[in-house]
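Each of the two chains sits in its own frame; use the hints to bring them together as a complex.
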Amino acid sequence: MSAPLIILITTLVITAIGIVVGAGLVFTGKKFHVPVDEREAEVRECLPGNNCGACGFAGCDAAAAAIVAGDAPVNVCPVGGGPVAEKIGGIMGTDAEILERQVAFVRCKGTCEASGLQGNYVGINDCRSAVLGGVNLKNCDYGCLGLGSCVSVCPQGAIKLVDGVAVVNRKLCVACGLCVKTCPKGLIELVPESKFVAVQCMNRDKGPQVKKVCSAGCIGCTLCTRQCEFDAIHMDGNLARVTYENCTQCGKCAEKCPVGVITPPCPAARKEA
Amino acid sequence: MIRLILIVILNALISNVVLNQFLGICSFLGVSQRINASASLGAAVIFVMTIASAVASALYSLVLHPLGLDFMKMIIFILVIAALVQIVEMFLKKKSPSVYKALGIYLPLITTNCAVLGIAIDNIDKFGYNFIESVFSGFGTAVGYTIAIVLLAGIRSRVVEEDIPRPVRGAPIVMLAAALMSIAFMGFSELQPVIETALKGVGQ
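Protein chains in written order, with this note's numbering: chain A, 1 to 273; chain B, 1 to 204.
Treat the hints as calculated values from the structure; they're not laboratory data.
Ideal Cβ positions, reconstructed from N, Cα and C, are used throughout, including at glycine.
A hint or two may mislead.
Taking CB as the label site, the calculated pair distances span [to be verified]:
hint, chain 1, residue 1, chain 2, residue 2, range
1, A, Lys160, B, Lys95, 49 to 59 Å
2, A, Asp71, B, Ile121, 41 to 51 Å
3, A, Ile9, B, Phe131, 21 to 31 Å
4, A, Asp71, B, Ala198, 49 to 59 Å
5, A, Gly24, B, Gly30, 21 to 31 Å
6, B, Leu67, A, Phe27, 21 to 31 Å
In silico BS3-like pairs for lysine-lysine, Cα to Cα no more than 25 Å straight-line [claimed, not checked]:
hint, chain 1, residue 1, chain 2, residue 2
7, A, Lys30, B, Lys101
8, A, Lys171, A, Lys160
9, B, Lys93, A, Lys31
Pulled out of the complex, with its shape left as it was, chain B reads as follows (with noise of 0.2 Å):
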């Protein structure tokens, strides 16, 4: 138990997936200007990208791993993760027509996520999780990225009530705020030597 939550907090703060691994960008600057808009990303992501790491967990240790095809896994994580997006928002469109609606447009922009399908690879290729492992290592992700994402668009909307110079209006100016929002979190990396000693000490 106490594995899988060094887990969460090493994925969702100290490798950090869009402030320290720098995916997932497109959305994490797309979707910021509001609060409410980020945080239902957020949610969203969480959702999928939980899923997903369990789903590509699965397929990977009974499907791929047995049969040698490990080299095929990108494609089939693709396949899978799109498809799965698709189901979701089916879902959601029947069930839950408000949060379908304030996702709008980027619900289906998630499928070409790559930090999604990068937390998916990563799970078996650079930290080698067991699925339930995976499972808790997307979860921790996404997290990750929701805090990312709350917290810039948090700084966006107090950015645009200020006079800021006119050669970083727009665009530049949160480029900055992301930059220094990502040396901050470096902060996070001294904790990384302390959660890896505990993880070898938890053991399997």
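Chain A extracted, bound-state conformation (with noise of 0.2 Å):
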């Protein structure tokens, strides 16, 4: 057979081929349709579709899929963020309190001033370690150890330790979660972005009890929930706890708290309140 033949044969093979399974395709597709939502295509559309699998679903397909079940919240791709968020809320018609952004936020203000240390703890450099060893690091048994469990496992870096307690980076943070998770004392929560007014202190002892083992303490005076207007801050126990829904960072429960463990509000969100 000579060359262009061979040529020629070779194209015309392929496209027929082509054609056969394309046709296959399109009959397939034809008899085996199962109708969609159009909002999960809509959804689909609006995903970044790396299919990396950060948000804990298979792929984007999944992903979008939960979206439209509501089975998953419309932040909930980590890549794509605020932007993403945004447009799937506007085809899910989500109001926009839903979509704000949450950040992580550690609940715990005791330093190592404020806290005193109980001594020179020597061994693995990581909070569940230590816990699992009955070891704290601070007299105060609920507070933040300082190890960093949270540092290392956090993918934006936004977590710095600062004098031997975790601060989170609102700007960094993307809401994984994984500190969240991480956090032996379970004192890191996520919590709405413009939402700056919280309780910094998860130990739930009496007054005089937290008093010994921390200045910076919560020591259960009440003073903040009778100053509060809006129904926004309610006693859990000999804890204080901010309700993020009702709270409208006025700032007033923080001004009054005699230990100064409710966290200001921002100045830029005061000015938008």
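Structure (structure tokens):
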């Protein structure tokens, strides 16, 4: 066979196979068509589409299906972040409240100075290991150990240890929740980004007991709850807790707190209010 | 019949596609976290590989070889296998949503699984199988793949509970486990001469 003939036959054969296969695909596509929620396709369009699995679903398709089914929040995609969440929120008709970006927040103010060190810890530099070994670095049983398990687990490098307590950089945080799962003391929670006022303590003991172990701990005096006009701060046992939905960031509770354990609203947030 | 059974054993155990020929490593390591997921992926591979071997072999002996287009087989096989997986995916989505959901992202990944293409080409180039033999060879290979991935998933489910030294935690320990499995499967190579003699004795 001459070369041109071989080329011709090859082209013809491949074209023919392509047409047959294409027709087969079209036929199967029609025959086995599964009606999908229109929104699912739209949501899928908004997602980045790199199937990284960071959201915890098997891929962008699965994440889109979960969002439409209501099993996942619209901001489930940490890669797309705010802009993508907004677009999806538009499709899903979700209001801005759920749309709001969340950030991690460490509920402890017990720095090395405030809650003194019990001794010199020599061991594995990891909070979970220390807790397993029954070690408490500071005098407070509830507080941040300051060994930085959350720092090493944070994929964004958003957590730093400042004076023996983990502090989250709100700008860098993507609310993946890894630190929340990692902290053996359960100190880290996700709060809406615009809510700055929060009780920065997890010590559930009574006031005098708290005073003994930490100068910055919540003593359960209930002054803040009486101060609040919006029903946004309540006692949870011996511990005050802010209800973020009701809080207007007025900052009165923070001003009144005798131990200064309530974080004041950020100046920028106060202007908005 | 005996010849076909021997072909299945040969492909499943002795020249195991993953542990002996090192094809399909991507999904082998990627989808072996949980036994359930890897078993369903194995089932999907059995399904796809058997059909792909049949289609590829038929296409080769009916179209490509008579026309003297042997050199085009790789491109055409890729085309056909990719389309085939798409069709299987659509079929599963309609007929068995639970299986579709269980396979998730992995079914499309089989499209690009080198093991599927590899066995379709091996059937022709390495073994010279006819149509029926190719189907059984594809089936046997996929069974071998399933055995390997389910075994690895079993090992991995045990490994996560162990206190693994930090430097080899995560991916490295999986590689080590896979390597040891591969060495263990080398034991089956003792069977190879026996089976090959038997294959010759049974004839076509």
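The hints, checked one at a time:
no. : hint                            : in the structure
1   : A:Lys160 to B:Lys95: 49 to 59 Å : holds, 53 Å
2   : A:Asp71 to B:Ile121: 41 to 51 Å : holds, 42 Å
3   : A:Ile9 to B:Phe131: 21 to 31 Å  : holds, 23 Å
4   : A:Asp71 to B:Ala198: 49 to 59 Å : holds, 55 Å
5   : A:Gly24 to B:Gly30: 21 to 31 Å  : holds, 29 Å
6   : B:Leu67 to A:Phe27: 21 to 31 Å  : holds, 26 Å
7   : A:Lys30 to B:Lys101             : holds, 20 Å
8   : A:Lys171 to A:Lys160            : holds, 13 Å
9   : B:Lys93 to A:Lys31              : holds, 12 Å
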